[in-house]
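Take these sequences, add in the hints, and give me the full structure.
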Amino acid sequence: MTFEVRTRVFEGPLDLLLQLITSHQVEITELSLVGIVNEYVQFIDEMKELDIEGTSEFLLIAATLIQMKARHLLPDDEPIDLDDELALAEERDRLLARLLACLTFKDVAAVLRHRMDAASRNVPRLVGLPDHVVPPIPDVIIPVDADGLAAVAHRLFTTQFEEPDVDHLDLTLPSVQDAMVDLQGRMASTVTSDFDEIVAHCTRDVEVVAYFLALLELARWGIVRVEQEQMNSSIHIEYDETAADQRFRAMVELDGER
Amino acid sequence: MNSDTTRHLEAILFVAEEPVNTEELAEVLEVPVSDVIAGLDELSRTLTDDRGIVLKQVGGGWRLYTHEDALPYLERYASTDRVKRLSNAAMETLSVVAYRQPVSRGQIAEIRGVDSDHAVRTLERRELVREVGRAPGPGQAVLYGTTPTFLEKMGISAVADLPPLADHVPPAEIMETLEMPMRPESSSSGSTNS
Amino acid sequence: MNSDTTRHLEAILFVAEEPVNTEELAEVLEVPVSDVIAGLDELSRTLTDDRGIVLKQVGGGWRLYTHEDALPYLERYASTDRVKRLSNAAMETLSVVAYRQPVSRGQIAEIRGVDSDHAVRTLERRELVREVGRAPGPGQAVLYGTTPTFLEKMGISAVADLPPLADHVPPAEIMETLEMPMRPESSSSGSTNS
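Protein chains in written order, with our numbering: chain A, 1 to 258; chain B, 259 to 452; chain C, 453 to 646.
Derived from the structure by calculation, the hints contain no laboratory data.
No residue lacks a Cβ here, since even glycine has one placed at the ideal position from N, Cα and C.
Fair warning: there could be bad hints in the mix.
[Stated by the list, open to error] Reference listing, derived: stretches of chain C covered by chain B, where coverage requires no fewer than 3 residues with Cβ under 8 Å from a Cβ of chain B:
| no. | segment |
| --- | --- |
| 1 | 460–474 |
| 2 | 512–521 |
| 3 | 557–571 |
Structure representation (C-alpha cells):
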C-alpha cells in the first residue's frame with residue numbers, strides 16, 4: 001500500500017498536512033490522528049532525499065502532532081494535568097486555524113491568478129513618446145555609490161534565479177534515526193540524564209527538534225521514561241534497560257526472519 | 259465629434275507607459291478634473307467593441323490596452339514569450355500580502371507555513387509588492403504591501419476591488435474534515451459518535 | 453462597424469515599436485495583402501481628425517502616431533516625469549549593464565530572472581545607458597553600455613574604475629540592507645564594522 005500523496009508536490013509542512021488529511025477525505029469516518037501522524041513522521045524520515053524548505057517547521061508541527069497522539073495513547077486512568085490538557089488544546093486550535101488560513105489563501109490565490117491571466121490579455125503600449133518629442137532629461141538620483149552598485153551586481157551574479165528554493169537553504173537535515181541511536185547509546189551508559197544535557201552539543205534548533213522526536217519515539221517504546229515537572233522545566237530522562245533489551249531482541253528476531 | 263480634451267487625452271494615454279490618474283491628466287491638459295472625466299467617458303464610448311484598443315481604469319489611473327481578441331495575433335507578431343507566470347508559491351505569497359497588508363515576512367511565513375523570503379523577493383523584483391513601512395517595536399520588521407503595478411496587473415484600480423476573502427474560507431465540510439482527526443475523542447475507542 | 457482585420461491591425465500597430473509593412477501584417481493576421489490594404493484604409497478613415505491618433509505610412513511600413521495638435525501636451529506630460537529616484541528594478545538593471553557591457557536585453561533578463569525591457573528604457577531615457585552596438589549573428593540584438601552621465605553620477609572617470617566584482621564580497625550588513633528595498637540612508641557608510 002503506497003500513499004498517493006507521496007508522488008505529489010507539496011510545499012511546506014502545512015501543505016503536506018493538508019494533503020494527508022484531505023487524501024483521507026473519502027474514508028472520513030475512519031480518520032484517525034494516529035494514522036496521519038505516522039504518515040507525517042514517515043515523511044520526515046524521508047525528507048533527506050527531498051528538497052524541502054522550512055524543515056524545522058516540519059519538525060515543530062510533527063512535535064505538536066505527536067504530543068496530541070501521545071495524549072490519545074495514554075490510558076484513561078492516567079491522571080490528567082489540566083494545564084497540559086489546556087496547552088495541548090490551544091496548540092491544536094492554533095494548528096487548525098493555520099490550516100484554515102493556509103487553505104483560504106490557496107483558494108484565493110487561484111482566483112487572483114485567474115484574474116491576472118484575464119487582465120494580461122489586454123496588452124499596454126510600451127513604446128513611449130514619439131521620437132520628435134524630446135522631453136528634458138529628468139534628473140535622477142542613483143541611491144547607492146559605486147560600492148553599492150557592485151554589491152547589487154554581485155548579488156545578482158551569484159544568485160541563481162531559475163532554481164529557486166534550494167540553493168539558499170541548508171538542506172542537511174538531522175536524522176531522527178541517528179538521534180535515536182545516539183540517544184539510546186548515551187542513555188545506556190548514563191542511565192539518567194535530562195534533555196538539556198542530551199542536546200548540549202547541538203548547534204541548530206532543528207537538531208534539537210530531531211532529538212526531541214527521537215526522545216518521544218523511545219518513550220513510546222518504553223525504552224526511556226520521561227518526566228517533566230511543569231512546562232518549560234527540564235525534561236528528566238530515565239533509561240529502562242529491560243525494556244531496551246526486549247526491544248533489541250525483538251529487532252534481532254525481526255532481522256533474522258528476513 | 260470628439261472634444262479637443264478627448265483627443266489630447268487619447269494622445270497622452272497613447273504614449274503613457276503607466277496608468278495616469280485624472281488629476282495628472284487635468285494638470286497636463288490645463289483643464290478642470292471634471293472635463294477630464296467627461297473626456298475619458300467620451301473616449302471610452304469612442305473606443306467601443308469594434309475597435310482594437312480599449313480604455314481601462316486600473317492601478318489608480320487610466321490606460322489604453324489592446325482588445326483581448328487581438329492577443330493571438332500580437333503573440334505571433336512579437337513572437338516573444340509573454341511574461342513568465344508566477345509560481346504557486348509566489349502567487350500564494352502575493353495573496354497574503356494583498357489581503358493582509360501591511361504584513362511582515364514572518365507573518366507571511368506563519369500563514370503559509372513555509373519560509374517565503376524567496377517568493378517575496380521575486381514579487382519585489384516584479385514590482386508587485388514593496389516595502390510600505392516598518393513594524394513598531396524591537397526588530398522593526400519590514401512591512402510589505404502591494405504596488406500600483408499589482409493593481410494594474412490584476413486589472414483593478416484599488417485593493418478594495420479584490421474579491422472578498424470571506425468568500426474563500428473553506429466550506430463547513432472541509433473544516434470538519436480538518437478538525438476530525440484532531441478531535442481529542444476521535445481516536446479513543448469511542449462508543450459515542452456526535 | 454470595423455472588420456476584425458481592421459481591429460487586429462489597430463492592435464498590432466498600437467504595440468509595434470517600428471513601422472510594419474503590409475506583407476508582415478498579412479502574414480501575422482493570416483489574410484491576403486489585399487485585405488490588409490482594405491483594413492488599413494478603413495482604420496485610416498476611423499482615425500479621422502477628431503481623434504488623438506493618426507495612421508501614417510513611413511519607411512516602407514505603417515505606424516500609429518499621436519496627432520500633431522497634441523504635441524505641446526505630450527511635452528508637458530513628458531516633463532512631469534517626477535520619478536527621480538531609480539527603482540530597484542532599474543538599479544539592478546544598471547548594475548548588470550555596468551558590469552556586463554556590452555549586453556543585450558535578453559542577457560539582462562536572463563541574469564535578473566525577469567523581463568527588464570521597461571527598466572532598460574527608463575535608464576536610456578535618463579541617459580544612464582545607451583545602445584553601443586549590435587550583437588553578431590541572427591537577430592542582431594541591440595547591445596547596451598553605460599554613458600558618460602553614468603560615470604559622472606557614480607563619481608568615477610571610467611568603467612574600469614568600478615569596484616572589481618571577483619573579490620567584492622560585501623559585508624553581511626550591506627547584503628542585508630540590499631535585501632530590503634533600498635533606502636536613501638543605506639548608502640551612508642556605517643560607523644561600525646564587524
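Inset, instruction - Mind taking a look at whether chain B covers the segment 512–521 of chain C? Criterion is 3 or more residues with CB to CB distance under 8 Å. - result: n = 4 at 8 Å, threshold three: holds.
Inset, instruction - Apply the coverage criterion to the segment 557–571 of chain C and chain B: a residue qualifies when its Cβ sits closer than 8 Å to a Cβ of the chain, and three qualifying residues are needed. - result: holds (count 5)
Legend entry - chain B over the segment 460–474 of chain C, status - at least 3 residues with CB closer than 8 Å: holds (count 9)
Hint compliance for this structure: every hint is met.
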